[in-house]
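J.: If you want the building blocks of each chain, they are given just below.
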Amino acid sequence: MSTATATHEEHHDHGPAKGLMRWITTTNHKDIGTLYLLFALTMFMLGGAMALVIRAELFQPGLQLVDPQFFNSMTTVHALVMIFGAVMPAFTGLANWLVPMMIGAPDMALPRLNNFSFWILPFGFTLLLSTFFMEGGGPAAGWTIYPPLSLQMGEGFPFMIFAIHLLGISSIMGAINVVVTILNMRAPGMTLMKMPLFVWTWLITAYLLIATMPVLAGAVTMLLTDKFAATSFFSAAGGGDPVMYQHIFWFFGHPEVYILILPAFGVISAIVPTFARKPLFGYSSMVYATASIAFLSFIVWAHHMFTVGMPVVGELFFMYATMMIAVPTGVKVFNWVSTMWRGSMTFETPMLFAIGFIFMFTIGGFSGLMLAIAPADFQYHDTYFVVAHFHYVLVTGAVYSIMAAAYYWLPKWTGHMYDEKLGKIHFWVSTISVNVLFFPQHSRSAASCSASRNCCSSISSTRPSRVARRPPTRSGKARPGSNSNSCPRRRRTTASTRLRRSSR
Amino acid sequence: MTDRARQKRRNILLALVLALVALAFYFGFILVNVQGGG
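Going line by line, the protein sequences match chains A and W.
Per our numbering, the very first residue in the first sequence carries number 1; after that it's consecutive.
Per our numbering, the very first residue in the second sequence carries number 505; after that it's consecutive.
In short, the hints are calculated from the structure, not lab data.
Hints should not be assumed to be uniformly reliable.
Unchecked claim - The following label-pair restraints were derived from C-beta to C-beta distances:
id, chain 1, residue 1, chain 2, residue 2, range
1, W, 510, A, 191, 37 to 47 Å
2, W, 507, A, 413, 27 to 37 Å
3, W, 505, A, 298, 55 to 65 Å
What the hints assert, rightly or not - Distance condition first, Cα-Cα at most 25 Å in a straight line; then the derived SDA-like pairs of lysine to any residue:
id, chain 1, residue 1, chain 2, residue 2
4, W, 512, A, 189
5, A, 227, W, 514
6, A, 227, W, 532
7, A, 412, A, 169
8, W, 512, A, 42
9, W, 512, A, 120
10, W, 512, A, 169
11, W, 512, A, 412
12, W, 512, A, 188
13, A, 227, W, 512
14, W, 512, A, 192
15, W, 512, A, 104
16, A, 227, W, 527
17, W, 512, A, 111
18, W, 512, A, 116
19, W, 512, A, 24
20, W, 512, A, 31
21, W, 512, A, 106
22, W, 512, A, 158
23, A, 30, W, 514
24, W, 512, A, 103
25, A, 194, A, 279
26, A, 194, W, 538
27, A, 227, W, 529
28, W, 512, A, 26
29, W, 512, A, 279
30, A, 30, W, 527
31, A, 227, W, 519
32, A, 30, W, 532
Just so it is clear, the structure is predicted and the values come from calculations on it, not from any experiment.
All C-beta atoms in this analysis are idealised placements derived from N, C-alpha and C, irrespective of residue type, glycine included.
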């Protein structure tokens, strides 16, 4: 008998695989969470390197460090990498680590699907980044890939489309896993309204993912057939409508914004009560506010495209609907502040990042409200003000919450406490840097600078704005501001800037 | 059928329903645009 047992043990190695195979074949939610978080960190560095190229090129007007096409590729792929490669996988990693533990489940509901969801990601990004080495270069039409510009991309176009499909499939499978885990695997007694808010926000985020990622996949599939199968979904020459693409894209794109921020709300709702030493103020109102934000996110998409020429009724609807989102978001901010009110607060690194989040995300929220005002948006559209807005909500919002979460749960994950002094240095250096970087961008729109170039505004030069369309005065002289040469900065442009502009 | 097997079946069924919803959105949006002039 003992001989038989020894033989059995010699032939079978019980327990997880060793070495690289452990990580490739793992179905353990903690291992997969770690993989997601490490992948997100890698992509964060890559996207950050692309941001450095962008800032270096824009350091001084007229600089020509990189080719104009490559510069446009940098802005495009920086966005795709940060959204689909850094922030979304980071939150999926947090969900993998925390959701089963928070609801008392032994693992995610579909562990093999979980493994597959993760391992699609590196292949998707390899495909996306491989386009840089193809004829025509990487994608350069912005992360929105609007036609007809995006259809002019070179040989990398189908690879980019397939990469987006892969990233979408990965997200949908991850979301399905989260929903099934939360709905079917809760421990006895763990009713929905007893779940931690991080679980609630992820449940709602997962529904948003399932509803919107297929819409993006559909849009890019139609782009693909427009390019290669002679369809005309978005080609005006064939009876299609390029603006329809914008509607479809933003029907995905706006809920995507909330996919990036709702889990952050969950993280902050976990951290603030801990360091204020009080229970979260208004738990149920937080749940309903999250659900309201998710619902409203589906009926506001056209605020991204006020300038395409919608009927006034449409502009008013989307303006008021967008403003309504401020109500549930305000509920959340007031609840966090009320949680801190008269609490025995301490300011360890996770709490610093959480308070930084509340303060600076609110700045981004207010600039969002300014953008929601349709007539004002005609001036802000496609300017650096928008860039400042979404970096305040995504960097000092989403990324800050990820930093807060990493510091907060790192001791639980690793068994080691981080260095508090280094953590605080990290927070203050980050906070000073992001404000030096992004706050002045608000006023770059006052100087009429377009978001994608270091020259005078599209408002006064390339885009036929309302000012430019005004008829001349009776004497035949152009009205002030109606001539692109009226911009003083334009006269100061160098030959290389003009060359770059003409090449676009 | 054990509790574990029943749980597994419920998980797979719910996952299939959600996957069908995602596929419906995907093909639905393309079909609506085919009708609209694609």
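J.: So, for every hint listed, does it hold in this structure?
T.: Status of each hint after checking the structure:
1. 510/W with 191/A: 37 to 47 Å: violated, 21 Å
2. 507/W with 413/A: 27 to 37 Å: For residue 413/A against residue 507/W, whose Cβ atoms are near 30 Å apart, the range 27 to 37 Å holds.
3. 505/W with 298/A: 55 to 65 Å: violated, 39 Å
4. 512/W with 189/A: Distance of about 20 Å is within 25 Å: holds.
5. 227/A with 514/W: violated, 42 Å
6. 227/A with 532/W: holds, 21 Å
7. 412/A with 169/A: It is violated: about 30 Å lies between the C-alpha atoms, which goes past 25 Å.
8. 512/W with 42/A: Roughly 34 Å separates the two Cα atoms, so the pair is violated.
9. 512/W with 120/A: holds, 24 Å
10. 512/W with 169/A: Holds, at about 22 Å.
11. 512/W with 412/A: violated, 29 Å
12. 512/W with 188/A: holds, 17 Å
13. 227/A with 512/W: At roughly 43 Å apart (the allowed maximum being 25 Å), residue 512/W and residue 227/A break the hint.
14. 512/W with 192/A: holds, 21 Å
15. 512/W with 104/A: holds, 17 Å
16. 227/A with 527/W: holds, 23 Å
17. 512/W with 111/A: Status holds; Cα separation ~11 Å.
18. 512/W with 116/A: Distance ~18 Å between residue 512/W and residue 116/A Cα, so the pair holds.
19. 512/W with 24/A: holds, 23 Å
20. 512/W with 31/A: Holds, at roughly 21 Å.
21. 512/W with 106/A: holds, 13 Å
22. 512/W with 158/A: violated, 38 Å
23. 30/A with 514/W: Between residue 30/A and residue 514/W the Cα gap is close to 23 Å, so the pair holds against 25 Å.
24. 512/W with 103/A: Holds: residue 512/W and residue 103/A sit about 17 Å apart, inside 25 Å.
25. 194/A with 279/A: The given pair, whose Cα atoms are some 13 Å apart, holds under the 25 Å limit.
26. 194/A with 538/W: At roughly 45 Å apart (the allowed maximum being 25 Å), residue 538/W and residue 194/A break the hint.
27. 227/A with 529/W: Given that 25 Å is the threshold and the Cα spacing comes to 22 Å, the pair holds.
28. 512/W with 26/A: holds, 19 Å
29. 512/W with 279/A: violated, 35 Å
30. 30/A with 527/W: violated, 29 Å
31. 227/A with 519/W: violated, 34 Å
32. 30/A with 532/W: violated, 36 Å
The earlier numbered hints that this structure contradicts are 1, 3, 5, 7, 8, 11, 13, 22, 26, 29, 30, 31 and 32.
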